Amino acid sequence: MPAVLVYARRSGRVLMIHRDARDQASDYHSGKWNGLGGKCEPDESPRQTAKRELREESGLDLAEESFRPLGVLQFPNFKAHKSEDWLAFVFTVDVPDAAQVLGGPEGSLHWIPDSDVPSLALWKGDALFLPYVLAQRPFIGTIWYEGEEVSRHWIQVLS
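Counting in this note's numbering, the sequence shown runs from 704 upward without gaps.
These aren't lab readings, by the way, just hints derived from the structure by calculation. Do not take every clue at face value.
Have a look at the derived ranges for each label pair, beta carbon to beta carbon [stated by the list, open to error]:
| id | residue 1 | residue 2 | range |
| --- | --- | --- | --- |
| 1 | LYS827 | GLN859 | 27 to 33 Å |
| 2 | GLY806 | TRP857 | 31 to 37 Å |
| 3 | GLY762 | SER714 | 27 to 33 Å |
| 4 | HIS856 | ARG771 | 21 to 27 Å |
| 5 | PRO745 | VAL775 | 29 to 35 Å |
| 6 | ASP819 | SER769 | 23 to 29 Å |
Distance condition first, Cα-Cα at most 25 Å in a straight line; then the derived DMTMM-like pairs of lysine to aspartate or glutamate [claimed, not checked]:
| id | residue 1 | residue 2 |
| --- | --- | --- |
| 7 | LYS742 | ASP723 |
| 8 | LYS735 | GLU768 |
| 9 | LYS827 | GLU787 |
| 10 | LYS735 | GLU849 |
| 11 | LYS827 | ASP800 |
| 12 | LYS782 | GLU809 |
| 13 | LYS735 | ASP819 |
Quantities reported herein were computed from a predicted structural model and do not represent experimental measurements. Virtual Cβ for every residue (Gly too), placed ideally from N, Cα, C.
Turn these sequences into a full structure, and let the hints steer you where they fit.
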């Protein structure tokens, strides 16, 4: 399933969503901190998806060309029922200081200092690739999960 992750950046901070608004029983992201993003729609490029998802989840409507591709991640059999293979295109985008962020139905949005990101309740696999996102280092990788635990991973930094 193609999807995107968007890490919006502003003055040494990254916009993260705390998945605290949905019914906890039905949301396997409940309680976690994530980048923004979601599934690609039919006939939509990953960059178009990144722009749409950022707008839908935060109210930020930035120019499509301002979204920078940074990585590609594969998540085989990701979900409690081992039924979904995800391929996530990772983007970063700079957000002007004056731009206002709106909340959404999936959770509360917060500008987190880069240095505080590792201490958040992240998916364990996110902790493996987020240092590359924060350092703006291109990468590719695969992260395998068993439930909420990473069973193995491979991440390669691209030069």
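Checked hints:
Between LYS827 and GLN859, the C-beta spacing of about 19 Å breaks the proposed range 27 to 33 Å. Between GLY806 and TRP857 the Cβ separation comes to about 35 Å, which falls inside the hinted range of 31 to 37 Å. The beta-carbon spacing between GLY762 and SER714, approximately 19 Å, falls outside the hinted interval of 27 to 33 Å. The hinted window of 21 to 27 Å between HIS856 and ARG771 holds, with their beta carbons roughly 23 Å apart.
For the hinted restraint 29 to 35 Å between PRO745 and VAL775, the CB-CB distance of approximately 20 Å leaves it violated. Checked against the hint of 23 to 29 Å, the C-beta distance between ASP819 and SER769 comes to roughly 25 Å, which is consistent with it. Under the criterion of a C-alpha separation no larger than 25 Å, the hint pairing LYS742 with ASP723 is consistent with the structure, at around 20 Å. Of the pairs offered as hints, the one joining LYS735 and GLU768 is violated, with about 29 Å between alpha carbons and a cut-off of 25 Å exceeded.
Taking the CA atoms of LYS827 and GLU787, the gap is about 18 Å. The hint holds against a cut of 25 Å. At roughly 17 Å between alpha-carbon atoms, LYS735 and GLU849 fall within 25 Å of each other, so this suggested pair holds. Taken as a hint, the LYS827 and ASP800 pair is broken in the structure, with Cα atoms around 30 Å apart against an allowance of 25 Å. Only pairs whose Cα atoms come within 25 Å are accepted, and LYS782 paired with GLU809 is accepted, the gap being roughly 18 Å.
A C-alpha spacing of about 14 Å is found between LYS735 and ASP819, which places the hinted pair at or below 25 Å, so the restraint holds.
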